[in-house]
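**Q** One line per chain: the protein sequences are A and B, in this order. Those letters in the first sequence? Residues 1 to 779, per my numbering, in order. Those letters in the second sequence? Residues 1 to 344, per my numbering, in order.
It should be emphasised that the hints constitute simulated quantities derived from the structure, not laboratory data. Here the structure is a predicted model, which means the values were calculated and not measured. All clues given are correct.
Which bits of chain B does chain A cover? Going by a derived footprint, with three or more residues having C-beta under 8 Å, they are:
1. 94–108
2. 115–129
3. 192–199
4. 230–240
5. 325–335
Ideal placement from N, C-alpha and C gives every residue a C-beta, glycine not left out.
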Amino acid sequence: MKVPLAWLRQYVDLPHDTDDIAQRLAMLGFPVEDIERRPAITGVLVGRILTLEKHPNADRLQVGTIDVGNQKPLTIATAATNVAAGQVIPVATIGARLPQLTIEPRKMRGIASEGMMVSADELALPPEWFEDGILQLEPAAVLGENVVTAYGLDGDVLDVEVTSNRVDAMCVIGLARELAASYGLPLRLPPAGNPGTAIEPSGAEPFVELASPDCTRFVAQRFDGIAVGPAPAWMRMRLALAGQRPINNLVDVSNYVMLETGQPLHFYDADKIQNNRLIVRDGGDGEKVVTLDGAERTLSPQSLVIADERQTLCIAGVMGAAAGEVTASTTAIVLEAANFSGARVRRTSKALGLRSEASSRHEKTLAPAVTDLGAARAAHLLVELGATAYRPHAFGAPVMPQPPIVLALRDVERLLGWQLPAERVASHLRALGCAVESIETITYGPSLQVTPPLWRRDLSIAADVVEEIARMEGYDNVPSVVPSVAPHDVSSAQFQLENRLAHEVAALGYYEIVSYSLGGRRYADSVEVLDPLSEDQRYLRDSLLPAAMAYFADYDAPVRIFEIGHVFRSEEGHIVESAVLSFGFTADPSDEPAWHDARFLQLKGDCEALLRAITGRQPQSVRSAREGFHPGKFAAAIVDGQEVAHFGRLDPRSTAAAKVRLPAYACTVMLERLPDYAIPHYVAPAKYPSTYRDLALVVPLEETAAELERTIAETIGALCTGVRVFDEYRGPQVGDGQKSLAVRITLQRFDTTITDEEADAAIERVLVALRDRGAVIRQ
Amino acid sequence: MSDLTTKLDDLHRRFSAALTAAEDERALEQARVDYLGRSGEVTQVRRAIGQLPPPERPAAGKTINAAVASMEAELEAAQSRLSQRAFDADLAQRIDVTFPAISPRTGAINPVRRITEDVASYFTRHGFAVVLGPEVEPDYYNFDALNIPADHPAREGFDSFWLTETLLLRPHTSPMQIRTMQQHRPPVAILAPGKCYRRDAVDARHLFQFHQIEGLLVAQDVHFGHLKGMLTGMCRALFGSGQNVRFRPSFFPFTEPSAEVDTTCPRCKGLASQCGMCGGSGWIELGGSGMVHPNVLREVGYDPDVYAGWAFGFGVERLGLIRYEIDDIRRYIDSDPDFLRQLA
Chain A
1 MKVPLAWLRQ YVDLPHDTDD IAQRLAMLGF PVEDIERRPA ITGVLVGRIL TLEKHPNADR
61 LQVGTIDVGN QKPLTIATAA TNVAAGQVIP VATIGARLPQ LTIEPRKMRG IASEGMMVSA
121 DELALPPEWF EDGILQLEPA AVLGENVVTA YGLDGDVLDV EVTSNRVDAM CVIGLARELA
181 ASYGLPLRLP PAGNPGTAIE PSGAEPFVEL ASPDCTRFVA QRFDGIAVGP APAWMRMRLA
241 LAGQRPINNL VDVSNYVMLE TGQPLHFYDA DKIQNNRLIV RDGGDGEKVV TLDGAERTLS
301 PQSLVIADER QTLCIAGVMG AAAGEVTAST TAIVLEAANF SGARVRRTSK ALGLRSEASS
361 RHEKTLAPAV TDLGAARAAH LLVELGATAY RPHAFGAPVM PQPPIVLALR DVERLLGWQL
421 PAERVASHLR ALGCAVESIE TITYGPSLQV TPPLWRRDLS IAADVVEEIA RMEGYDNVPS
481 VVPSVAPHDV SSAQFQLENR LAHEVAALGY YEIVSYSLGG RRYADSVEVL DPLSEDQRYL
541 RDSLLPAAMA YFADYDAPVR IFEIGHVFRS EEGHIVESAV LSFGFTADPS DEPAWHDARF
601 LQLKGDCEAL LRAITGRQPQ SVRSAREGFH PGKFAAAIVD GQEVAHFGRL DPRSTAAAKV
661 RLPAYACTVM LERLPDYAIP HYVAPAKYPS TYRDLALVVP LEETAAELER TIAETIGALC
721 TGVRVFDEYR GPQVGDGQKS LAVRITLQRF DTTITDEEAD AAIERVLVAL RDRGAVIRQ
Chain B
1 MSDLTTKLDD LHRRFSAALT AAEDERALEQ ARVDYLGRSG EVTQVRRAIG QLPPPERPAA
61 GKTINAAVAS MEAELEAAQS RLSQRAFDAD LAQRIDVTFP AISPRTGAIN PVRRITEDVA
121 SYFTRHGFAV VLGPEVEPDY YNFDALNIPA DHPAREGFDS FWLTETLLLR PHTSPMQIRT
181 MQQHRPPVAI LAPGKCYRRD AVDARHLFQF HQIEGLLVAQ DVHFGHLKGM LTGMCRALFG
241 SGQNVRFRPS FFPFTEPSAE VDTTCPRCKG LASQCGMCGG SGWIELGGSG MVHPNVLREV
301 GYDPDVYAGW AFGFGVERLG LIRYEIDDIR RYIDSDPDFL RQLA
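With the hints as extra help, turn the sequences into a complete structure.
**A** The structure is reproduced here in structure tokens:
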């Protein structure tokens, strides 16, 4: 919200320094997002054009004599076309400084010009919001007065952010109250009494029927003698500084009152209200209404409207309808200053896709008391404009103070960690407009009974009051204390598991990425977002691999990455969410034989090393298959009989389709299947030396290294302390349907040194056993 | 007798010459074998002692022993000379130590995880646990239990991705505060980090998916000052020892009093009026915090007259923007190798 300091200063004598005020507001909970510094403008005075004649030597110039108060009238030439004798205008005198220029005496086509008639632009106001040419001041302006100070054009403008609970502070008076309380300065508010006392002509008295509980209060007031035209310059300038475009005197009054008091108003053309009778009711189902912006809107019973007996005249709290609109020919109006349920206004505004300055305030639920203040301020301004104000009529519940809040003084210290004397607490609260009484309760001990001011709706419990005390005392003064936390039994196991995994995978040479959980790819059991931001973000992922593939596709060089994240699928109407880790890499193509894939074995090594580190157990890898992976280069990793991970080469067709140019490999670990870490037990090395035998075997193609190793180990029994296949060969030297495997068998005794004879006998038994599997020694 | 001496002298001379000529250990070993070995020339001379008349044998033995001792000493000296020469040659090498290193294969955790861990390690040192939870959560945990009933204007600040009428992608990690409090009696001291989702248009400062880290402490005698104390420590752990923390009043439905948390601008230390990071204010906004609202405590069955608590919630990516001076929040989601390596 843009707040001109000059407007604030009308109500409270603030310090000179803009930054000091901005800082103060921030520390009260109203951060200032921007400060618009006004340029220094001097020497511009209020003047009246006494005479105006055509320049003798120039067709496009006029020469005027201008009365600027207590001095000889000035002769000034101008090219502006909107000037006439009798107008009151701003005049830059010799020596005046304007944003773009300094005024000096000069001759214009032979006539000495003693200054300049000034436009809105030259006063650093948005020119498109004001009349072309010279700015027109109101006739009553005091001649010779400094325009900049008189109209507050020198005060900076603060862009203040107001949190949604403080709709009372979404206005100049609200912020003035806060600043006055904080600085300890007196507040000068405009008169709250309504000047309207006259009784309406017979039959012209407005009546409002509240046919919905969502309108709690409605002040209606009739004004006659309206002449629609431009608002006075002071109001237009002030609105412009506040970022509000001046429109005409009625619209401007309503905006002015809203910005000043926070109460949105609506003016109806009194002649367009059937029988002077307004009804606040639910919208009709499918009812069409043309709003003031010219758009046709379709209502529903959800929307709240203000209508007469024939038609809808206003969408409550949101925008007026054309049917009740004030026009240039309007001479009598009915003012509405109403209070609506915020939730209802928000629903209406959301359903219509229509927000306004008014709805943004109403939807936060205003205090009912502000209706009367808003009507009174509008009445004052309209009377100033020459209108006749009749008495206001309030409909709905009378304005009542909220029930008092009991604040236990010990809670102030308990929650804030400060000890504050009761007197100090009470004076802070009184400064904010609360009524405060000391009481003693059995439950809470010494306490204060606090009645919030009528304009505050956000104070309802003791904690709210404690915050007010902290704000007044200054959040800066909150002490900084490190607490000691008593032992508790909340577990960090899942967090620790994820971090251990991440560090292990990083240590294996992978970099952790973060990718979006939402994507455009639909799966058989996809979870779908009801209202996605875009089609690319419609479905929750069920795997981290598409993101990994997209990453691989982005880089021509090999990369090694991992991610830990949740994946989602729907299962019988439920959403199943699980945590997974995927790591993988792309590699330069290799020239190894087709039956061999060292990258796969490296991936397997990484997977096994990771699982060993996390589970404390050696995983078993078995051939498996899964969509998206190469059918011959994919395995599942088993720990304790449970598949905890799978890994392999990504299906070259999928990677090619995803524009991945290099062979890609990936492993996925399912976190919730990982068993707890098994603490390993140390086995001391044997005191006696081991021996080994290497065998080169020709085996059937289907034979696997794991089966071969297991057969050998089981055949030898305890003497075998190690068996490992270390080489493979396929090709013409071993023939079709066969391959050669080289295996090293380590033999050892724990009680004495093993003899060659023992070792050889063991190997003989192995060869017999392997013969049954179709394996023979390679010749 | 002189015969033996002459012979030994000759052998000794030739042995010395062989040692002198030896260029390496192998040549020395050869000389040892040739003269002093099992069938070496000196050994053969010693064997010949048996041929001598018994009275001459002791003297001859002595002579041979003396010669052998002298030769062994020479051999040792030669060995030491040779190894000295080898060391000298090795130590005379001067490689270009500025030549680029052979890089090890490296990997790294993401800066999001690093920051989360750094925050967690500070808080766990003070007795906090770290809890993780689901990203799909019912509205009850996201809103109702947090004092944000349906129709509350604050729901708009959490513009969310809904999956069903009641399920949504969590816009904050606060559901874990509720879940933890419902499962445990006070004291509860937790951090809840994790992914969150809000319907924000993606730009240099916003992602629709980000990470949050929330903290919650509920116990007897917990006050606002404890929050400031812990956050000051956290900021020092994250940004450096000179950090301070400032509270500003704010509004959140689930806390009362509520505060925005600012920390000293780590770039200018609050000293530069033209700082590009803090805009000259000297302070950087971190996120929201406050004393847990009594309605939230009541919802989980804690008596707000007995227990008090505080909570905070910060965006992890945002902490990283400040800590690493990252120019654009989208760098996280791009996860470019260079970005990951620089912040490893």
